[in-house]
Amino acid sequence: MKTNPGNYFEDFRVGQKLTHATPRTLNHGDVALYQALYGSRFALQSSDVFAQAVGLPKSPLDDLLVFHTVFGKSVPDISLNAVANLGYAEGRFLKPVYPGETLSAHSEVIGLKENSNKQTGVVYVRTHGLNAKDEQVLSYVRWVMVRKRNADAAVPAAVVPKLAESVAPQDLHVPPHLNFDTLFDTALSGSKHRWDDYTAGEKIDHVDGITVEEAEHMMATRLYQNTARVHFNQFSEGKGRFGRRLIYGGHVISLARAISFNGLANAQMIVGINGGRHVNPLFAGGTVFAWSQVLDKQPVAHRKDAGLLRLRLVATKDLPCGEFPDKDDKGAYPENVILDFDYWAVMPRA
Amino acid sequence: MKTNPGNYFEDFRVGQKLTHATPRTLNHGDVALYQALYGSRFALQSSDVFAQAVGLPKSPLDDLLVFHTVFGKSVPDISLNAVANLGYAEGRFLKPVYPGETLSAHSEVIGLKENSNKQTGVVYVRTHGLNAKDEQVLSYVRWVMVRKRNADAAVPAAVVPKLAESVAPQDLHVPPHLNFDTLFDTALSGSKHRWDDYTAGEKIDHVDGITVEEAEHMMATRLYQNTARVHFNQFSEGKGRFGRRLIYGGHVISLARAISFNGLANAQMIVGINGGRHVNPLFAGGTVFAWSQVLDKQPVAHRKDAGLLRLRLVATKDLPCGEFPDKDDKGAYPENVILDFDYWAVMPRA
Amino acid sequence: MKTNPGNYFEDFRVGQKLTHATPRTLNHGDVALYQALYGSRFALQSSDVFAQAVGLPKSPLDDLLVFHTVFGKSVPDISLNAVANLGYAEGRFLKPVYPGETLSAHSEVIGLKENSNKQTGVVYVRTHGLNAKDEQVLSYVRWVMVRKRNADAAVPAAVVPKLAESVAPQDLHVPPHLNFDTLFDTALSGSKHRWDDYTAGEKIDHVDGITVEEAEHMMATRLYQNTARVHFNQFSEGKGRFGRRLIYGGHVISLARAISFNGLANAQMIVGINGGRHVNPLFAGGTVFAWSQVLDKQPVAHRKDAGLLRLRLVATKDLPCGEFPDKDDKGAYPENVILDFDYWAVMPRA
Chain P
10 MKTNPGNYFE DFRVGQKLTH ATPRTLNHGD VALYQALYGS RFALQSSDVF AQAVGLPKSP
70 LDDLLVFHTV FGKSVPDISL NAVANLGYAE GRFLKPVYPG ETLSAHSEVI GLKENSNKQT
130 GVVYVRTHGL NAKDEQVLSY VRWVMVRKRN ADAAVPAAVV PKLAESVAPQ DLHVPPHLNF
190 DTLFDTALSG SKHRWDDYTA GEKIDHVDGI TVEEAEHMMA TRLYQNTARV HFNQFSEGKG
250 RFGRRLIYGG HVISLARAIS FNGLANAQMI VGINGGRHVN PLFAGGTVFA WSQVLDKQPV
310 AHRKDAGLLR LRLVATKDLP CGEFPDKDDK GAYPENVILD FDYWAVMPRA
Chain X
10 MKTNPGNYFE DFRVGQKLTH ATPRTLNHGD VALYQALYGS RFALQSSDVF AQAVGLPKSP
70 LDDLLVFHTV FGKSVPDISL NAVANLGYAE GRFLKPVYPG ETLSAHSEVI GLKENSNKQT
130 GVVYVRTHGL NAKDEQVLSY VRWVMVRKRN ADAAVPAAVV PKLAESVAPQ DLHVPPHLNF
190 DTLFDTALSG SKHRWDDYTA GEKIDHVDGI TVEEAEHMMA TRLYQNTARV HFNQFSEGKG
250 RFGRRLIYGG HVISLARAIS FNGLANAQMI VGINGGRHVN PLFAGGTVFA WSQVLDKQPV
310 AHRKDAGLLR LRLVATKDLP CGEFPDKDDK GAYPENVILD FDYWAVMPRA
Chain A
10 MKTNPGNYFE DFRVGQKLTH ATPRTLNHGD VALYQALYGS RFALQSSDVF AQAVGLPKSP
70 LDDLLVFHTV FGKSVPDISL NAVANLGYAE GRFLKPVYPG ETLSAHSEVI GLKENSNKQT
130 GVVYVRTHGL NAKDEQVLSY VRWVMVRKRN ADAAVPAAVV PKLAESVAPQ DLHVPPHLNF
190 DTLFDTALSG SKHRWDDYTA GEKIDHVDGI TVEEAEHMMA TRLYQNTARV HFNQFSEGKG
250 RFGRRLIYGG HVISLARAIS FNGLANAQMI VGINGGRHVN PLFAGGTVFA WSQVLDKQPV
310 AHRKDAGLLR LRLVATKDLP CGEFPDKDDK GAYPENVILD FDYWAVMPRA
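Protein chains in written order, with our numbering: chain P, 10 to 359; chain X, 10 to 359; chain A, 10 to 359.
To be clear, the hints were calculated from the coordinates, so they are not data collected in a lab.
Misleading hints may appear alongside valid ones.
Each pair may be met inside one copy or between any two copies, as identical chains are not told apart.
In silico SDA-like links for lysine to any residue, alpha-carbon gap of 25 Å or less [stated by the list, open to error]: (1) Lys142 / Leu197; (2) Lys142 / Pro66; (3) Lys339 / Ala293; (4) Lys104 / Asp57; (5) Lys171 / Arg253; (6) Lys26 / Lys201.
These numbers were taken from a predicted model, which means no experiment stands behind them.
Starting from the given sequences, assemble the full structure and let the hints guide the process.
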């Protein structure tokens, strides 16, 4: 068969390495589409001049554009037969990526656990994104529930990797040439609030809401060359479990991050992904809102210009976030909460 | 509070200067998105080779892309709490902007007038767009009706600036290296009609109509980093005065300008904005048509290759323009007329 | 009249040459939009690094982006008053086009045949796309049914050009620097199946389906500066023969080609178009599927690294292609089949 049927749960082995197809040169067009799709306003990714003032050669690509591109590459090999994308961990952005650079990706299977129904199993992979010099620009773990081709197929003994609850600050990469010292202009960045102004535990309602259209999420997901079928095919999804096309979870992360500008304008770069769950699906026509909570604050070793904020970013659909809608004591999420994302950002200090 | 609540009427003072956030590098991606959103066909902005034939180093960005970008920057400071954008005046494009250039913007409050209901007031600002050398590329006045936070708040005495009815030809900037002399190829520009062929008073029906989709106007408005809430949030707008998302007025200007190619193909650049009013709202699903009237013709001082046309560009929704729908004797517009825009364009002479 | 009414059937003469307006510089933004609109994953057009590994200076533009751009230029002169685009033949891609290059186009009328109803006639044109050095990058014939302005208008005697049933392999242009020899990496290209693995007669169901939205096809068609009215104006089309906007046939070709990656990932470039018919219309909301059949296999003269596949690409709407839906014995197509396209692709050999 010449078409790719994707891997089923029983096709995976712990230790297996997968080289993902279609390397991708990201360029100014991808930057503009990302802008048009999410409306992000972080100054570092928006202005070459601002980027140069803080020590970079020019504006780097949005970290999440890099993430989605690498993620998309892994779909045909990892999650073509997935039921659900369950979580992320140990994500680190290791090097800024600039327009004109080419990304490729490979993954290693680090865990496998069949579900008790024997219809599906959980596949844990560590995925690496590389630039043209084969330098790692991104590394993260995700786990995904994948169908078995055959419920009777024998599978290896379960291996569940031990994953860090969060990325340790010393393992995060803050670009060495980035310098928020004296030239960081808060009039241009859009907020006077620096790292010092945030407190662990603090919650921020990002106020704004953005309604999502079918054309938008499909254009985004194709931009990332993500081929998961549930996003594109109304003919088959109309007969499926939701009756609708499901929006790529990464689209929600990018929307929520863009919305979080209003309250976190100086959270200039994402440097780590501690975890993330798509706790409910989003469909076109839904309006996305977001709120954040500061989970932790850490200095950057040997630097006084920049600090690290660990942030929890919660997105909802059709529910403003003034009351910070959240999971209950048992960990169950209201149906309007769609994302619970935990990341490290780097921010200028006073 | 870390989120931006925007300024209310009583927060403004005449003479106040506002530096707007998020400088923005515009590049080839923005050019292509602008193309995909409006379908403009003016040769100068479309072809580097054509631009070089008439003396420019390469295709400049569409003047309205520059306008929307600068306008968008001013929204968080000027019009986040606006009820309506009332008008434009004294707009001048002072220098072509090329892909790769970074724009920033600042504004000065030049007038304030509380409305008699004390709920709102009119704010007049002069906004400047600058390139990375801090050279002005665009300057214009707009006035906008802004809510008061508190109807009882004291406000200063009214100051209403005296604004020019139109920009004087000698104040317009025609790029000095632009040369329409012998190398202007009308087979490539799409029309044989030059400046000499137009007559003051002449009306042109631009014939074509373009239907607008939600995804399109939201992508455009995010491309301009314009954060006005009414454009994006169906959840809240669905309960609002129109029950729908309102389309950014500048989207209509760009659509009407693109449609005007058919009849004004040689109106190569917009060099001045004399005035403009969004006289009725546009919503997704509406089809935009346009007609133009030549208001004035002026030579360019010391030049025989180029002339100036003062044009009135009227856009409608769901109403073809063969009968030139217009305001009545009392100045009231039919509900299908959505834009009345007055600008100067530069055109080749015979 | 200053607006372009387009040519009617009686305005054309065999031998007539038409220079099309609006040369167009294609750049990285066009590449990204093409990506976002179709989701293509062919490695050669996706990665500069991959392109360099096989001998090209960088990723060329997708062949179909070049085709649509050239086609779009011809619309205002050839098909503004068209009833239907009837077919293509003798298409050859003669030189890769890279971001930053400027395309222009001209056409020659090579045939005319009035229909018996005297209301319309068929116009045959050969259209050439050129780069800034006036080198041909693309040449093809299309024929289109065009309205008469006046049924009584006299027309010349019918001339029907003799068109090749397919482009002869020796007339196809495979870029001389393209080298699939040792460095073609099938892990990156997405498939191990090379030219040698395909057999004449073989059919491939490409499995995936993509639903099309109004915003997408209009953005695509404007990107190509194609002004055919039926694609954009719901106000008038709502009263027309379909009650809806008709999707540009080229949008279907690009979708089907992108879908065909799954099964033909190594069909790296389109080098010839033997024929093509849009056998039924597509409207927004329809889901496009595709299947291919290998019609012929030919070597490339003097080369062992690459071979030619002649492929038939059939697209459907709302009909998966597992059973290869096709025309019947009388040549009539089921209503769900929308495209029958015949092209030559170049592929690596083992």
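* Asked: Broken hints, numbered, in rising order?
  -> Hints 3 and 5 are the ones this structure does not satisfy, whereas the remaining hints hold.
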